[in-house]
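Colleague: These protein sequence lines are chains A and B, in that order. Reading the first sequence from the start, the letters are residues 1 to 384 in my numbering. Reading the second sequence from the start, the letters are residues 385 to 774 in my numbering.
Do not rely on the hints blindly, as some may be mistaken.
[As the list claims (entries may be wrong)] Computed list of chain B residues with no C-beta within reach of chain A, every gap over 12 Å:
id	residue
1	Glu388
2	Arg393
3	Pro411
4	Ala416
5	Ala512
6	Arg526
7	Ile587
8	Asp662
9	Gly664
10	Ala749
11	Tyr753
12	Arg761
[As the list claims (entries may be wrong)] According to the in silico footprint, chain A covers these stretches of chain B (three or more CB under 8 Å from chain A):
id	segment
13	636–647
14	666–678
15	698–709
[Said to hold, decoys possible] Quick partial rundown of chain B residues pointing at chain A, CB under 10 Å, derived from the structure:
id	residue
16	Leu660
17	His682
18	Arg685
Hints were generated in silico from the structure; no laboratory data involved. No residue lacks a Cβ here, since even glycine has one placed at the ideal position from N, Cα and C.
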Amino acid sequence: MELELTEEQSWISESIDTLLSREWVTPQDVADASPERRRQTWTALVEFGSFGIKKDGEDGLGAVELCLIARSLGSHLASVPFLGSAAVRLALAPQARSLPAGIAALLSSHDPIGIALLEAGSGWTVERAGTRLAPGRDGLEIRGEKVAIEQLQAAGQLVVVATLDGAPALAITPAGAAGLTRQAQRCFDETVPMETARFDAVPVPSAGVLGGPEARTVLRRLMTAGSLLAAAEAVGAAGHILDLACRYAGERRQFGRTIGSFQALRHILADAYVRQESGWSAVRYAAAALDDGDPEAAQAASIAKAYVSRGAREVAHSAMQVFGGIAFTAEHPAHRFLRRIGVRAQQFGDAAHHERRLGRELAERVSQARSALSSPVLAEAFPA
Amino acid sequence: MAPEERRLREEVRAFLAENAPSPSDLPRSLDARIEALRGWQASCYRAGYVGRAWPREFGGGGRASVEQIVVDQELAAAGAPEFVNVVGLDVLGPSLLRFGTEQQRQRHIPPILDAREIWCQGFSEPEAGSDLASLRTRAVERDGRFVLTGQKTWVSWGQFARWCGVLARTEDPGHGQPRHRGISMLIVDMNSPGVDVRPMTQITGHAEFCELFFDDVLVPEQNLLSNRGDGWKIAMYTLGHERGTAALPRQVKLRTWLDRLAFTLGDRALDGRALLDDPGAQVSLAQAMIGIEVLRYHAQRTVGEFLAGGAVGPDSSSVKLLMAEAEQRLAATAVELLGPAMEQADPAKQDEDAFWEETYLYSRAASVYGGTRQIQRNIIADRVLTLPQE
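Excised from the complex, chain A in its bound form:
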């Protein structure tokens, strides 16, 4: 698997950094960025071509490129509806030709997309959603309640994960649909605004509903893509706060020396560097696996998400330790990075979620291999 960035990929990464330096605010000011500034930054990203996503047989951006963009957004702490918009399109793209028209249309639009997945009291799973799709007067209707929908106020379209005939399904609805009641929600990072939504018989045309086995495939891919993009953003945020901490350690003097010359701090920073760099290696590998259609891509994404969720937080903690008291003031940007990392660490499953899943799958594989090994013995013991 090719893990070096191509020239084009490096160019995308540098261009997005340049774009954000021009359009977006500094980390100190992220909470005060005006709605116009957010829209302007988003428009610039769209115009850059951030959603020219590769469909089967066509040229375009894949998971690696979108993760590079997400990493830059994390590094700049940009507040735009990118995560949902990119994850949904990445999930849909391989099925582009067989999707219902209303869903396939998302792939040729640049509308910001929100994801309504979480429900109060349940985890990051697409199975057994309490929100249901059921026949109403004119076709299917959505009923239920969702929480923690990121950037809903900016989203044009909403992808709703629901249950249809006892199986997972997804439906598309305009974010301003009748019967949809929204309410702002507290969020650990105020620059990643979250809302709850209640669906009181919100009608959806059949062209906007995907059910059956294909829905499960798309939803699994949505979880994989979402995990990777969230992890990529956390890696970007971790990289930036680590840079700031290294610079500070090279300037700040105590005991007559620059504090970066103290081994206690040098080792904290070296460990943080390893965590951050290897976190990016993990995201990079899993994204390439997803682009290659590797059957182990979902597992690699779980590994990357689990590793980065713990690792990026660790990097932020280490950086704050290097800054000392100054990082405890509201005007210092350290807590902005910590907050962003904290939110991205949770989304699409925190470390514990993915560790449980990986452990369960490993145990199942080994149990199957064990029974395969013992089957000749069983066959002998219980001849047909």
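Given the structure of chain A, go ahead and fit chain B onto it with the hints provided.
Modeller: Positioned in the frame of chain A, the structure of chain B alone reads:
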């Protein structure tokens, strides 16, 4: 995977299925075991699986470096015995190829490849561990020869080695100069008069490494590697090389051990259920797996630069840190999870426990050998993060 890579993997697998001795086939006594391992390396060499990327003119295969990594990964995956001349292959052979004269390479490279001559390295000393530049072994030039005096330690396979790459001080660094000046690398014949080898028993119970004593050992001038004073440069190259290339095969070995642990947990019951079905045990296994897989992802990314012909950069220190972390976590997880079951084990299953106890004990060396965890952090702080010097 490229088709040629797949073909090579299949070819190596077929060879191993036919030829690889299982660890239980190897003789018990250490001397007989070493002889068997020499034979194993020689047959792998004849098959083209040793020194595959080394130059043809010295007996190598002349192929791309990535092919040797693929072969080493397959050897690790099959649980084949490790090559007995590992120090020659991973450490001193690459240094000879990089810094040696034509004559030195003609003389030494072929017998490294087929294990006719085993090599060891004389770097650390009782008073020069992490602070390698403070070494006290001296080589004084007299009548066209070096007279070598001093003591070395942690010399793996020293009792079986014919040659030793020795770091010795040939000049005083001079007042105010860095201490790594004036250190040279000598190729020392272990059969020379005045060489004394004393094996040391390790915590695993094996005597894999030795102390070496040099008492006025005469070393011919032509056994100087590169120039006087180049020893430090050569040592840094060899250690970097070892860190840069060993990680991917080692990662495969760790992955096979993880699967082995999962199998064993399926075999052991505690309070009426298989340990493998315990959710806590599953999470511990997952955490060990994450460390092992991230090591692969990161090593592939950094080794890529090395394979493209570049030097092994300071990022090899990140790989080294992740490798030690992954190995130690896996081994500690094994003894923690098997702990209660180890105490109550069926005597017929004790071999498995012995394996994990030894693996656990050995894993503690992973953050010490080849440059301690603290030294690796220093390298990153200096050369990657360019923090102020201590």
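Colleague: Checked against the structure, which of the hints given earlier come out wrong?
Modeller: Checked against the structure, the hints that fail are numbers 8, 9 and 12, while the rest are satisfied.
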